[in-house]
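Participant: Protein sequences, first through last, are from chains G and E.
First residue of the first sequence: 1, per this note's numbering; consecutive thereafter.
First residue of the second sequence: 1, per this note's numbering; consecutive thereafter.
These are calculated hints, taken from the structure and not from any lab test.
It is possible that some hints are incorrect.
Dumping the calculated DSS-like pairs for lysine-lysine here, alpha-carbon to alpha-carbon at most 30 angstroms [claimed, not checked]:
{"hint": "1", "chain 1": "G", "residue 1": "K57", "chain 2": "E", "residue 2": "K107"}
{"hint": "2", "chain 1": "E", "residue 1": "K107", "chain 2": "G", "residue 2": "K14"}
{"hint": "3", "chain 1": "E", "residue 1": "K58", "chain 2": "G", "residue 2": "K57"}
{"hint": "4", "chain 1": "G", "residue 1": "K14", "chain 2": "G", "residue 2": "K83"}
Quick list of the computed label-pair ranges, beta carbon to beta carbon [said to hold, decoys possible]:
{"hint": "5", "chain 1": "E", "residue 1": "N17", "chain 2": "G", "residue 2": "V52", "range": "25 to 31 angstroms"}
{"hint": "6", "chain 1": "E", "residue 1": "E66", "chain 2": "G", "residue 2": "Y10", "range": "26 to 32 angstroms"}
{"hint": "7", "chain 1": "G", "residue 1": "G3", "chain 2": "E", "residue 2": "G99", "range": "39 to 45 angstroms"}
What you are looking at is a predicted structure, and each value in this text was computed from that prediction instead of being measured.
Every residue gets a Cβ at the ideal spot worked out from N, C-alpha and C, and that includes glycine.
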Amino acid sequence: DGGITQSPKYLFRKEGQNVTLSCEQNLNHDAMYWYRQDPGQGLRLIYYSQIVNDFQKGDIAEGYSVSREKKESFPLTVTSAQKNPTAFYLCASTPLTVPGDYGYTFGSGTRLTVV
Amino acid sequence: AQSVAQPEDQVNVAEGNPLTVKCTYSVSGNPYLFWYVQYPNRGLQFLLKYITGDNLVKGSYGFEAEFNKSQTSFHLKKPSALVSDSALYFCAVRALNSGNTPLVFGKGTRLSVIA
């Protein structure tokens, strides 16, 4: 089945540690997105990429980094510079062949907790 | 700039009664509008979208939404609520002529259907 897979489902980070969240899709979608979800704040865009080897900052990119070396993969690294990383992270994708005509397909999310 | 407002953090409705979850938006030009639903610790699932055409859009699970251009609204409705409809609902928008800019999401409305 086609879909978008996020791993791990739960992740614990120690203070000062970098962690990487995985996002893989087999939908042949062009664009991929990372959102952060906090209670009462909705979804806030961290980074997005519309083509391999290119990505743009979203509204809250500080303390995060991404790469897009393959069309299928868009990993997110939460660096030690992100002071409040505890949140639910969602990855999404969409094709761009008919711009704007498709909603996003979301992964099941990764819950990151600082310990 | 694009924005979405979901004025109610929480909506409570009795099972069998009609439900409405409100959404208003602001974009330059014509909008693409979407509704998504999120169950606990899961990603967002697409419910319905408005691109062009009829102002009343029908979607998954018996939900529908009415696009009102003069009021810049896109309220989600269902004639008869089920307990299983209890979830978090997100409205999202992007402008029709904005290229492939990311969707902007509202903060979400928690729907609670009481048996």
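Participant: State for each hint whether it applies.
Facilitator: Evaluated hints:
1. G:K57 / E:K107: 20 angstroms, holds
2. E:K107 / G:K14: 29 angstroms, holds
3. E:K58 / G:K57: 34 angstroms, violated
4. G:K14 / G:K83: Satisfied, since the Cα-Cα distance of roughly 12 angstroms is no more than 30 angstroms.
5. E:N17 / G:V52: 25 to 31 angstroms: The hint (25 to 31 angstroms, Cβ to Cβ) is violated, given that N17 (chain E) and V52 (chain G) are roughly 49 angstroms apart.
6. E:E66 / G:Y10: 26 to 32 angstroms: 39 angstroms, violated
7. G:G3 / E:G99: 39 to 45 angstroms: The hint (39 to 45 angstroms, Cβ to Cβ) is violated, given that G3 (chain G) and G99 (chain E) are roughly 26 angstroms apart.
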